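Let's have the full structure, built from the sequences with the hints guiding it.
Number of protein chains: 2
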Amino acid sequence: MKNSKIILPVVLSTVLVACNDESKPVAVTKPIPTPTPVPTQPTKPNPPTPLPTDNGELLDPSSRGDISVNGGATRLKKERSEALKASISNRNVKHVILFIGDGTSESEITAARNYAEGAAGYFKGLDVFPFTGAYSTYSLIKGTKSIDYVTDSAASATAWATGTKSYNGAISVDRDAKPQQTILELAKSAGFATGNVTTTELQDATPAALAAHVTSRKCYAPTQTSKSCPKNALEKGGAGSITEQLLQTKADVTFGGGGASFKDVAKAGTYSGKTLFDQAIAMNYQVVTDVKSMNTLTEANQNKPVLGLFADGNLPVMWSGPKAQVDGNKGAASLCTANPSRSSNTPTLKEMTAKAIDLLKTHQKGFFLQVESGSIDKRNHAADACGQIGETVALDEAIQEALAFAKQNPDTLIIVTGDHAHTSQIIPNDADSPGKTVKLLTKDQVEMTINYATSKDGSQEHTGAQVRTAAYGPHAANISGLLDQTDLFFIIKKAFGL
Amino acid sequence: MKNSKIILPVVLSTVLVACNDESKPVAVTKPIPTPTPVPTQPTKPNPPTPLPTDNGELLDPSSRGDISVNGGATRLKKERSEALKASISNRNVKHVILFIGDGTSESEITAARNYAEGAAGYFKGLDVFPFTGAYSTYSLIKGTKSIDYVTDSAASATAWATGTKSYNGAISVDRDAKPQQTILELAKSAGFATGNVTTTELQDATPAALAAHVTSRKCYAPTQTSKSCPKNALEKGGAGSITEQLLQTKADVTFGGGGASFKDVAKAGTYSGKTLFDQAIAMNYQVVTDVKSMNTLTEANQNKPVLGLFADGNLPVMWSGPKAQVDGNKGAASLCTANPSRSSNTPTLKEMTAKAIDLLKTHQKGFFLQVESGSIDKRNHAADACGQIGETVALDEAIQEALAFAKQNPDTLIIVTGDHAHTSQIIPNDADSPGKTVKLLTKDQVEMTINYATSKDGSQEHTGAQVRTAAYGPHAANISGLLDQTDLFFIIKKAFGL
Chain A
1 MKNSKIILPV VLSTVLVACN DESKPVAVTK PIPTPTPVPT QPTKPNPPTP LPTDNGELLD
61 PSSRGDISVN GGATRLKKER SEALKASISN RNVKHVILFI GDGTSESEIT AARNYAEGAA
121 GYFKGLDVFP FTGAYSTYSL IKGTKSIDYV TDSAASATAW ATGTKSYNGA ISVDRDAKPQ
181 QTILELAKSA GFATGNVTTT ELQDATPAAL AAHVTSRKCY APTQTSKSCP KNALEKGGAG
241 SITEQLLQTK ADVTFGGGGA SFKDVAKAGT YSGKTLFDQA IAMNYQVVTD VKSMNTLTEA
301 NQNKPVLGLF ADGNLPVMWS GPKAQVDGNK GAASLCTANP SRSSNTPTLK EMTAKAIDLL
361 KTHQKGFFLQ VESGSIDKRN HAADACGQIG ETVALDEAIQ EALAFAKQNP DTLIIVTGDH
421 AHTSQIIPND ADSPGKTVKL LTKDQVEMTI NYATSKDGSQ EHTGAQVRTA AYGPHAANIS
481 GLLDQTDLFF IIKKAFGL
Chain B
1 MKNSKIILPV VLSTVLVACN DESKPVAVTK PIPTPTPVPT QPTKPNPPTP LPTDNGELLD
61 PSSRGDISVN GGATRLKKER SEALKASISN RNVKHVILFI GDGTSESEIT AARNYAEGAA
121 GYFKGLDVFP FTGAYSTYSL IKGTKSIDYV TDSAASATAW ATGTKSYNGA ISVDRDAKPQ
181 QTILELAKSA GFATGNVTTT ELQDATPAAL AAHVTSRKCY APTQTSKSCP KNALEKGGAG
241 SITEQLLQTK ADVTFGGGGA SFKDVAKAGT YSGKTLFDQA IAMNYQVVTD VKSMNTLTEA
301 NQNKPVLGLF ADGNLPVMWS GPKAQVDGNK GAASLCTANP SRSSNTPTLK EMTAKAIDLL
361 KTHQKGFFLQ VESGSIDKRN HAADACGQIG ETVALDEAIQ EALAFAKQNP DTLIIVTGDH
421 AHTSQIIPND ADSPGKTVKL LTKDQVEMTI NYATSKDGSQ EHTGAQVRTA AYGPHAANIS
481 GLLDQTDLFF IIKKAFGL
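Residue numbers (full-length UniProt numbering), protein chains in the order written: chain A, 1 to 498; chain B, 1 to 498.
By construction, these hints were calculated from the structure, which means they are not laboratory data. Only true hints are included.
In silico BS3-like cross-links for lysine-lysine, where the CA-CA straight-line distance does not exceed 27 Å: (1) A:Lys78 to B:Lys493; (2) A:Lys78 to B:Lys145; (3) B:Lys78 to A:Lys85; (4) A:Lys178 to A:Lys218; (5) A:Lys188 to B:Lys78; (6) A:Lys365 to B:Lys78; (7) A:Lys456 to B:Lys456; (8) A:Lys407 to A:Lys365; (9) B:Lys365 to B:Lys493; (10) A:Lys178 to B:Lys77; (11) A:Lys85 to B:Lys407; (12) A:Lys456 to B:Lys439; (13) A:Lys78 to B:Lys365.
Small disclaimer: the values here were computed from a predicted structure and weren't measured.
Below, the structure written as C-alpha cells:
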C-alpha cells in the first residue's frame, strides 16, 4: 500500500467498522504475521464469576435516522436517567486505563469524527462514554504561585500524574523542582502491575511524567541531563536522565519510541560507561522492536519487564495529507492517505494497547495503564490536519480495545482526556483566515476546512481552554462537571482504594 | 460610574460575590430604584411541602487550597458516585429553563473564568452543573441532506427549538422551508407558561426560532419580509415577519431588544397599516422599556402578555475594552471597564431572568423559559474580548438566579449550552499569531492573550467544534456524553412529560 493514494473517507466506513472485528485485517497497514498463539494466562486460574456489569451503559450516539427529518439527527436513544443511576458505583477497581490524546479536545475530536465517520456518525471509542466533563489545565510559573494560562505537555502530565501543579517543562517535580510521587509509582508500590504506552518517544513529556522526575523535559538521556538538568544527573547524585529513571521505575510494560536516547551512555552508577540499551538488557528487560517481536511476548513482570522501542524518535503517524497553508482552503479539497513512510512492522496504538492489556491482565492484583496518542499534538503543531486526524482515529481504535476488556472485566475504570487544548479549528469553507488552512473531503462527501492560526510561521501553539474528560466504569461519575487536571491523580488513587 | 476606569479584575472578586447577595448593589450598573414590592403569588396557594431535593448536588468546583501544593488545585471535594446516584431522577418537571450562551463553549467560558474569577476560581452559575457533555452542531445545505460543518445561530436554534436540522439562515423551518413546531409552542399548547429572554434583538436567530417560522433570519419586519421571505409575508398569505409571529405566538414573557422592527407597518391582516408596536398594544401586551417599568409588572399571562423592548437594536453590552488587533499581545495588558454607553435603565440579563421567573412561576402548570446571552457571539465576531467576557459573566449571573429558583423548586430542569463554537482562543502571551490579539490583565494579576484568527478583516467566524452542554435537575443525566443539538428538543419535551 506504500505510496498508493487510497480514498480514505469512502474506504474508512468499512475499515473502521472492520477494525472492531479482530478477524479482519487493518486496512492502512500491511497484514501482520500472526505468531503461534501463546496462552496469555498460562498459570493463573480463571477469574471467578464476573462481577455485576455496573460499569455504566456505554452510549450508542449514532444518529437515529434520516438527519433531515424531525428527530432524525438525535443521538439519545432513550431517556437514560434510571440506566445511568443503576450503573453508578464507587467500589474499588482492579484496573485503571488512562487514555491521553495529546492536545486533543472538542475541536480535534469533531474534526476527526467529521472526516472519518461523518458529522452525524460517532467514534465507537471516543464518543461512547457515559460520563463526560471538562478540566482546567493552567500551569504555574517556575518557582512561583503565578498562573500560566497555557500549559505545556510536561506541566499537564505532571498535574494528573502527581496531583501537583507545576511549571511548563517540569517532569513530575513541583514548582520548586521537588519530585512528586506519580500515580504509576503509587500503583506499583501498592502491588498493581503498571504499563506506559505511547506513539511518541518514551522520553516525551506524557510518558516521562509517569516514571521520571527531572527539572526539564529536555533531559532525555545522560548527555543532555548533565547540561539541562545538572541536579538530576547521576554523576551529581541525582536520579539520572528520563530514560534512566524510566528503566529504574520499571513499569511492567513500556511501549513507544525514543530508541535514540538508549544509545547514550551512563555517566555514573552501576551501569557507568554502558549504553542505556545495554543497561536495559542487564536489567533483564525483554526488549522488542517491531510488531512481530512484540507479539511473541508472553509475560511482563518485575523479573522480566517489557520494553518496546519501535522507533528511534516518534512512531511514524498513520496518515499523511497536505499541510495547511495560507489560503489553503481556496483550492481544491484533499483526501488523507496512508503514511507511505509507515511500515506494518511498527505497531499501531491499538496493537500496543491490546498487547499491554494482555500482558498486564494476568496480574492478580490488577493494573494501571496509561496509553497516549501523542502525535495528535505534534501534527497540530505542524498544521498537518491528516496527520492529526489519523492519530485521533488511532486513539479511538485503542480505546475500543480497552472498552472490550472493560466490558469483560467490570472492575475496570477507563478515563479518556487530553492534556491541553490546541490550535485547530473547523471554519467555514469560504472563510478568509489570516492563518494556515487546509480543505479536506470528508466521509460525508463534503468539504471541511481546518484553520491553524496561532503562529505565523513557527509551530502552532497550545491553547488554554478547559479540556474534555470522559470515563466509564466504577468511579466514572466523578469525571463529569468541572475538574482540574490534578483531580485525575486523586480519582484514580481513590478508585484503586489507595 | 460612566466613563470611569475601574479595575475590574480586582473589584470583581467582591462584585461577583456580592452579585449573589441580593442585598448588595450591582457594581457595574447604577443602583436600581426599588419599586414598591408586589406579592408575586397574590391569588395562588403556596405550593405544598417541597418535593425531595433530588435535583443533583450542585458542584463546588473551587480549588481546594494552595494551588502550588499537592492536591491544592483539585476541584473535587469528595468521591461523588453515591451522591450523584441518589440525585438522579426521571420524574416530570414543572419548569424548564434553557440558557444559551451564543457562540459560547469551552474556550469562551475558560477565558471569562480566568479574567473574572481566576484560573483556579469558578463561576457560581456556569461551572456548578453536575452533568455535562457536548453536542454536535452541524447544519444542512438548504434543500439537501448535505452537511455544513459550521452552523449559524439560525440553524442551530432551529435544531434545539424544533428537533429538526435545517440550513443556515432557517428560522424553525426545515431544509425545505416547512415550518416545524417549536418547544415553546409545544409547551404553550400543553398549558405551560412560556418566556423568551435575550440581550439581543428579539428578532435575532436564537429568540426568533422559538416563536417564528421564516425562510430567512433577515425577515425581522414586514418590509424586509416582503423582499427576503415573500412566502412568509402576510400579504402573500404567510404568517408574517418574525416580529409579527412573535406577537402572535404570544409567549407570556418576552424580554429583549429589537424595538426598531416594531416601528415597521403591517401590510395585511387585522392590523394592516398599523405599526407592530401599535399591534402589540392592541393585542393587550404590557410593553415595558426600562428596568423601572419592568419591575412594576405583576403578572404575565395570555390576557396580559409582557413585552420588554429595552433597546432599538441589541442591548448595550456590560463591558468595554480594547479591540484585538494584529500583534495586540505585544503591547501592554489592559483591563476591561464598564461600558460607558450602558445605562442602569437597561436591565441586565440577571434582572430580566429574575423578573421572568417571578412572572412565570405563578402559573400552576409550570413554565418553559429560554434565556440567551446573545452578545457573547457578537463581541467574538468583533474580536472584542472584554465585550465577550462581560456578556459571559452576565450569563453566569443569570444562571445563578435560575439555580436559586431551582433549589427552592426541585421540579425544575435547567440546561445550559451554547449554539455553536466560536473563534476566540487563549494562546501564550509570547505567541506570534497571524490573527488579531489582545492581552488582558486578569484577576490572577497575570496577563492573558486572546487570539481572534478566523477572518483577516471581516467578522470573525463561527467554528464547528462540538459544544458544551450542562444540566441540573430531573432528567439532567441525559445531557452527559455526546448528543446532537436536536436532542435538546426531545429531552425537554420528555422532561415535561409531553
